[in-house]
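K.L.:
Each chain, written out:
4 protein chains.
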Amino acid sequence: MAPVGGTPKPPKKGILERLDSGEIVIGDGGFVIALEKRGYVKAGPWTPEAAVEHPEAVRQLHREFLRAGSNVLQTFTFYASEDKLENRGNYVSDKISGQKVNEAACDIAQEVSQEGDALVAGGVSQTPSYLSCKDKAEVKAIFQKQLEVFVKKNVDFLIAEYFEHVEEASWAVEVLKESGKPVAVSLCIGPEGDMHGIPPGECAVQLVKAGASIVGVNCHFDPETCLKTVKLMKEGLQAAKLKAHLMSQPLAFHTPDCGKQGFIDLPEFPFGLEPRILTRWDVQKYAREAYNLGIRYIGGCCGFEPYHIRAIAEELAPERGFLPEASEKHGSWGSGLSMHTKPWVRARARKEYWENLLPASGRPYCPSMSKPDAWGVTKGAAELMQQKEATTEQQLKELFEKQKFKSSMVA
Amino acid sequence: MAPVGGTPKPPKKGILERLDSGEIVIGDGGFVIALEKRGYVKAGPWTPEAAVEHPEAVRQLHREFLRAGSNVLQTFTFYASEDKLENRGNYVSDKISGQKVNEAACDIAQEVSQEGDALVAGGVSQTPSYLSCKDKAEVKAIFQKQLEVFVKKNVDFLIAEYFEHVEEASWAVEVLKESGKPVAVSLCIGPEGDMHGIPPGECAVQLVKAGASIVGVNCHFDPETCLKTVKLMKEGLQAAKLKAHLMSQPLAFHTPDCGKQGFIDLPEFPFGLEPRILTRWDVQKYAREAYNLGIRYIGGCCGFEPYHIRAIAEELAPERGFLPEASEKHGSWGSGLSMHTKPWVRARARKEYWENLLPASGRPYCPSMSKPDAWGVTKGAAELMQQKEATTEQQLKELFEKQKFKSSMVA
Amino acid sequence: MAPVGGTPKPPKKGILERLDSGEIVIGDGGFVIALEKRGYVKAGPWTPEAAVEHPEAVRQLHREFLRAGSNVLQTFTFYASEDKLENRGNYVSDKISGQKVNEAACDIAQEVSQEGDALVAGGVSQTPSYLSCKDKAEVKAIFQKQLEVFVKKNVDFLIAEYFEHVEEASWAVEVLKESGKPVAVSLCIGPEGDMHGIPPGECAVQLVKAGASIVGVNCHFDPETCLKTVKLMKEGLQAAKLKAHLMSQPLAFHTPDCGKQGFIDLPEFPFGLEPRILTRWDVQKYAREAYNLGIRYIGGCCGFEPYHIRAIAEELAPERGFLPEASEKHGSWGSGLSMHTKPWVRARARKEYWENLLPASGRPYCPSMSKPDAWGVTKGAAELMQQKEATTEQQLKELFEKQKFKSSMVA
Amino acid sequence: MAPVGGTPKPPKKGILERLDSGEIVIGDGGFVIALEKRGYVKAGPWTPEAAVEHPEAVRQLHREFLRAGSNVLQTFTFYASEDKLENRGNYVSDKISGQKVNEAACDIAQEVSQEGDALVAGGVSQTPSYLSCKDKAEVKAIFQKQLEVFVKKNVDFLIAEYFEHVEEASWAVEVLKESGKPVAVSLCIGPEGDMHGIPPGECAVQLVKAGASIVGVNCHFDPETCLKTVKLMKEGLQAAKLKAHLMSQPLAFHTPDCGKQGFIDLPEFPFGLEPRILTRWDVQKYAREAYNLGIRYIGGCCGFEPYHIRAIAEELAPERGFLPEASEKHGSWGSGLSMHTKPWVRARARKEYWENLLPASGRPYCPSMSKPDAWGVTKGAAELMQQKEATTEQQLKELFEKQKFKSSMVA
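Chains as they are written, first to last, in the working numbering: chain A, 1 to 411; chain B, 1 to 411; chain C, 1 to 411; chain D, 1 to 411.
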């Protein structure tokens, strides 16, 4: 019998059901960067305690992505592992336990997901423990702890994302897979492969063998670079005769000048990236190319604001047959400008105009590309060992000196 | 007698009380651009019906500015005049009356203002009626209607902003002044003066004579250009031996290549402005220069996100003696990066680094400056006549043709 | 009686005869920069002893300008004053007297001028003596010495060029005027006026009153800026009801970012100016605008190579009715490309293509504009006092320190 | 017996003698581009009839390169084959036979070579006949004809340069080798290989097997790209256990945005390349890197002016033990500026300053990179078939249309 007050919503189609049937699934955008700009996340530690401290802010951002067309709401649990919440002087766990952060994030995502057709994905990401050479059991235990919350809250599926080393990502997939829920995994690597030099194709094969149903990349590089990497993953899987769905969640920043380690190395990271932000038209181009490459889980990462996600949904509206809710407030290809007061702005109300625009930076004293930092250290290097305590003044001084030295070598 | 349940808050100091005593008052940022990116405002008409349709989104943005340090919350009533809500096919009033929009906006701003030390300012802006050569009485009647709501809701003070013609701004000031509340006024003009060629100094004199206690500029130009204009206003007032407080609320976009009419004329307006967005360090520089120039009402306009407002508050923290709430999640001058995992990012945790950074655009195929449209029309020109009905296909076609012709002349 | 072997050439029309009849006179280009690149002039002192040391190189450059369309060959006597030949360790006069340099330069120019329809102009330029505050008589004596050679060699007319102070230029004009030959004079100033702040219009008036028949600007700024300055001169002369012909000989470098003192202050001067070099199409645009402004003596200065001069002659060929000799090797507006092997290069053989091209720098790590040095010193400042002896190591060190200090203030 | 009047000069060391003993050999620069700017070569056909028409101009340029440090003077015989002199309406041979051009070029180079320690190299380059699919015998006959002049004039050695297809280059080497003189060969290819897709390493092997003693690349790409290509050649030779000397003669233009076919494809070729011109400091960097890579024949191609060649000689002066003649007029690393009048220019008299300068373009409306034309046609394609007759208007129109179509696809 139907409950009083209305027809019950039909149960949502699962993530694999959608992808298997050829549907396009639109991911969401970048929470830590967006919430940093809104005043709720601290650049540096980048941890998600706002889920507990300011749930209304997290809720509002989820809602905006949903309106913009997202079919997946990732729980705001990026860097919500215990070892990250207590790293380098970021004493979050002293006030709020990791468990509480993860639970609050699940609650918020699930609440908002009821407002539309979106699934909730519980997410884990790379750990300081791995970088600091803790062993497999220790690292897995960290993921296990987050997974317990996701299982208890019964999220729809799981994502292991933002891994620089396929080895750690595989461990994460193995842990998540035990839940019986579908597992997606994305590395933050470029065409050169992971930080140990393992090529994208081989990474994809390892991850599928570890149990992932969806593989791809997120963060660290711009759409163009990410798509190159996913293409290599696709080829690797084909060569190994393995099947998996593909996903991409790139930066909303142009990074043609990145090295192997992505935008972290650019001198502008994280407080000077503004001139690199993608326009909505850049995103439409990305969405089309991702689709043409066979990717069906298409979203964004750092820098992706709600209007960027809407641009994916608008570009693929012909294939999907519908526009997202937020397109009520957006004319496709600038057509809303036909309502502008000034005639020369109304004259911009057309696709041809925006498609061909080469936007100026207004910064004639700035270059168009930068030389990335290239300190050449990765997992295991002494400089990457993490600590619970705050970085000391002395440690900082040594880094400043090293930075000056490296810069003068680049010039 | 104290009400049950707690000590009553002391009444807030009024805007003139603060400015007269030498306090710095921090304004808020740009609502229409921020809410457009969040999916709640339509580019083209730019009208604020979201106050009724999605109050939670407007409330959240107010709250973020408050946390970032704003001492003033402007009601989200930009372009909320009846003639604008019904312009060129934007049939908002058919669903929601202008009165309702203005009321809802007041309610939201007043609710959030209780969460901190902020005043609420009711705002009016330029009208299509003036551009279409309606007479003084008709234009004043439009402001009068909005004012009635502000008086009923008892906002703390009033702002007439975004006027291209000092004549219309003076009419607005005259109307608002009748309420007995303090009136601030800002023009969206550059150093060349208003659209009728009246120099900034003379504009300021007219506005103070009309009754404004605070005068300045907002929108249309970047901080550097706006400060030049306010400087000219200051000099004009000094020459006329008039006293007024100064305010500036510039764009958060670099616009060194603007013509007389500001960023509206740039080919990137409004969907390709990303590469021009100010960094927080650009804003700190602006805040310092505004302060040095004697401006004490310092805020932002289009493009200003909460973190930009926080940058004003952080730059002027030594003078004010405190940091805003949102600085809990921000280390001054990048110091939060000392908690970053990567050593070369920790090495960026210092003022000298960010102060000297020349951020790259990542767009080597784009120029650094653009040629603005310069159609050379203003109030009274046939092309600026407005209409209630949607722009027709034929009207658009004529504009596209004219645009092509103008572009080929610039090249 | 006619000489054996041929008809005597008719005597050439004088410079004023040409200009008075409305003819366009094309100047020549920049000797010191061109010969520096060819290996015959030393950057720093920039003195013209090559006229004696390597006459074949000077002769060849004169010949190239003549073929390109120059109607005037300036004697290569820039900085050929005795006090300049012996400045700061440039011990030229120890080997070659100033008189010899000036004589050799006259001989070469006169020899080449016989190969076409060109006049020879003897040239003087600003002196270290003036900068070092020597008195009027001393400075005039220096010009007098050069003039004696020009009179003896019987050049066609005289040019005083590259003066930053109108006072010194007026002294030069007074001296040259005594010869009875027509005198042209050009300042290396921008729209802000001379180094003492005298506006261009007033400068022009002073110079005409001192005896000049042709006034204008040369060097220090790009064509756009120079034309602005000449326009101000023209307006000054009109206001004073004075008549004179106008001349312009700008840089072949784009310098929109110059300060008051011109390209000398740009950090790229003199060894990094390459990205600023004008294309031939830039020069055609300049020639057209100069013509439209009423300038009839149109040439170039530093950076102008023979092909730049040819571009002036080609642009104004419709008005003049003929092309220069060197156009035998140049199809107008790229039409010669119709002979190229590759089809896509043949497709560039048209005006529309080259007129609209926005040429890329191929330097994505470089900015498009620079902050000029602005040490704010001019005639009379201790730092501008000259000396015969080489700059010492200690003096250089002090300058390096000062430069670092100034740079860090700009950043 | 010694001739009256002096000791006879000792015979010069041959090219292989020099290279075998480890000497650095400095090549010369780009004749066609330099002489185009001086007014003696026509862009489009780019043929060298100036050797006959204006020997003084060619002689002067040779002399300048010699003074700048060149140890090799290449005869000005680029594109001096009969089939090129009569291509697409360039009816040179109607007036001057190919033989005469080649003879005159040899005479001039040999005359100037007597003024210093330079060898004369006779040069051949790729032919329209090969592009138009003529057979091996026909193509070889063309080289044979030029070789006859070189043998008669007894040049010191031979260079086959500017070949896009290694097959044609090998034919040229085979022909030249018959003379018994040493043969150098350079392809105008990048790291992707020749126009048939043959990788640089394999190209080098084929050329050495065909008889070349010196192999490398010239033209089409900037120094950075050329050095990458030569590195691949070196590795190919090592893998094949073959020995040869390496040479590089890159462009003096920055071309990071080139496609496979080099700067010909850039929209700026050939009349808008100015912003890409290398500074002398760029050249010093190139010379050092070439030396470090083991290249010992180091020169330049299009865009290399005498001062660029001098920069090679100055950079490698420590290794060679001497400076070129033209350094009399150049202080190393800007030290001549210590003689400048202005103190802030004297402050630039040091290596650190110029080494770190990032020169601005002064063109804020231009991008830093361009999209190359990519019509994807090469030898054998109908569009590359050559003809003796001028390109018709109809042929040009078809190309213009195609260009517009291609451009709109890139945007």
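Because the hints were derived from the structure by calculation, they are not lab data. For each residue, glycine too, the CB sits at the ideal point set by N, CA and C. Please note: incorrect hints may appear among the correct ones.
[What the hints assert, rightly or not] Facing chain C, a subset of chain D residues (Cβ under 8 Å, in silico):
{"hint": "1", "residue": "G44"}
{"hint": "2", "residue": "E64"}
{"hint": "3", "residue": "R280"}
{"hint": "4", "residue": "Y291"}
{"hint": "5", "residue": "N292"}
{"hint": "6", "residue": "G294"}
{"hint": "7", "residue": "S332"}
{"hint": "8", "residue": "G336"}
{"hint": "9", "residue": "P343"}
{"hint": "10", "residue": "A347"}
{"hint": "11", "residue": "A349"}
{"hint": "12", "residue": "R363"}
{"hint": "13", "residue": "M369"}
[Claimed, not checked] Here are the simulated BS3-like cross-link-like pairs (lysine-lysine), alpha carbons at most 30 Å apart as the crow flies:
{"hint": "14", "chain 1": "C", "residue 1": "K342", "chain 2": "D", "residue 2": "K351"}
{"hint": "15", "chain 1": "A", "residue 1": "K404", "chain 2": "A", "residue 2": "K371"}
{"hint": "16", "chain 1": "B", "residue 1": "K342", "chain 2": "A", "residue 2": "K228"}
{"hint": "17", "chain 1": "D", "residue 1": "K152", "chain 2": "C", "residue 2": "K342"}
{"hint": "18", "chain 1": "B", "residue 1": "K406", "chain 2": "D", "residue 2": "K406"}
{"hint": "19", "chain 1": "C", "residue 1": "K404", "chain 2": "A", "residue 2": "K404"}
{"hint": "20", "chain 1": "A", "residue 1": "K402", "chain 2": "C", "residue 2": "K402"}
{"hint": "21", "chain 1": "D", "residue 1": "K402", "chain 2": "C", "residue 2": "K342"}
{"hint": "22", "chain 1": "A", "residue 1": "K371", "chain 2": "D", "residue 2": "K402"}
{"hint": "23", "chain 1": "B", "residue 1": "K228", "chain 2": "B", "residue 2": "K371"}
{"hint": "24", "chain 1": "A", "residue 1": "K342", "chain 2": "B", "residue 2": "K136"}
{"hint": "25", "chain 1": "B", "residue 1": "K371", "chain 2": "C", "residue 2": "K234"}
{"hint": "26", "chain 1": "C", "residue 1": "K406", "chain 2": "B", "residue 2": "K231"}
{"hint": "27", "chain 1": "C", "residue 1": "K351", "chain 2": "D", "residue 2": "K371"}
{"hint": "28", "chain 1": "B", "residue 1": "K406", "chain 2": "D", "residue 2": "K404"}
{"hint": "29", "chain 1": "D", "residue 1": "K12", "chain 2": "C", "residue 2": "K342"}
{"hint": "30", "chain 1": "D", "residue 1": "K285", "chain 2": "A", "residue 2": "K406"}
{"hint": "31", "chain 1": "B", "residue 1": "K342", "chain 2": "B", "residue 2": "K145"}
{"hint": "32", "chain 1": "B", "residue 1": "K371", "chain 2": "A", "residue 2": "K228"}
{"hint": "33", "chain 1": "B", "residue 1": "K342", "chain 2": "A", "residue 2": "K134"}
{"hint": "34", "chain 1": "C", "residue 1": "K342", "chain 2": "D", "residue 2": "K243"}
{"hint": "35", "chain 1": "D", "residue 1": "K402", "chain 2": "A", "residue 2": "K260"}
{"hint": "36", "chain 1": "D", "residue 1": "K404", "chain 2": "B", "residue 2": "K371"}
{"hint": "37", "chain 1": "A", "residue 1": "K404", "chain 2": "C", "residue 2": "K397"}
K.L.:
If a hint holds in the structure, say so; if it doesn't, say that too.
P.N.:
How the hints compare with the structure:
no. : hint               : in the structure
1   : G44                : holds (4 Å)
2   : E64                : holds (5 Å)
3   : R280               : holds (6 Å)
4   : Y291               : violated (22 Å)
5   : N292               : violated (21 Å)
6   : G294               : violated (27 Å)
7   : S332               : violated (12 Å)
8   : G336               : holds (4 Å)
9   : P343               : holds (4 Å)
10  : A347               : holds (4 Å)
11  : A349               : holds (6 Å)
12  : R363               : holds (6 Å)
13  : M369               : holds (5 Å)
14  : C:K342 with D:K351 : violated (42 Å)
15  : A:K404 with A:K371 : holds (14 Å)
16  : B:K342 with A:K228 : holds (25 Å)
17  : D:K152 with C:K342 : violated (33 Å)
18  : B:K406 with D:K406 : holds (24 Å)
19  : C:K404 with A:K404 : holds (16 Å)
20  : A:K402 with C:K402 : holds (26 Å)
21  : D:K402 with C:K342 : holds (13 Å)
22  : A:K371 with D:K402 : violated (38 Å)
23  : B:K228 with B:K371 : holds (21 Å)
24  : A:K342 with B:K136 : holds (22 Å)
25  : B:K371 with C:K234 : holds (28 Å)
26  : C:K406 with B:K231 : holds (26 Å)
27  : C:K351 with D:K371 : holds (20 Å)
28  : B:K406 with D:K404 : holds (20 Å)
29  : D:K12 with C:K342  : violated (41 Å)
30  : D:K285 with A:K406 : holds (19 Å)
31  : B:K342 with B:K145 : violated (57 Å)
32  : B:K371 with A:K228 : violated (35 Å)
33  : B:K342 with A:K134 : holds (17 Å)
34  : C:K342 with D:K243 : violated (35 Å)
35  : D:K402 with A:K260 : violated (39 Å)
36  : D:K404 with B:K371 : holds (23 Å)
37  : A:K404 with C:K397 : holds (23 Å)
Of the numbered hints stated above, those contradicted by the structure are hints 4, 5, 6, 7, 14, 17, 22, 29, 31, 32, 34, 35, listed in ascending order.
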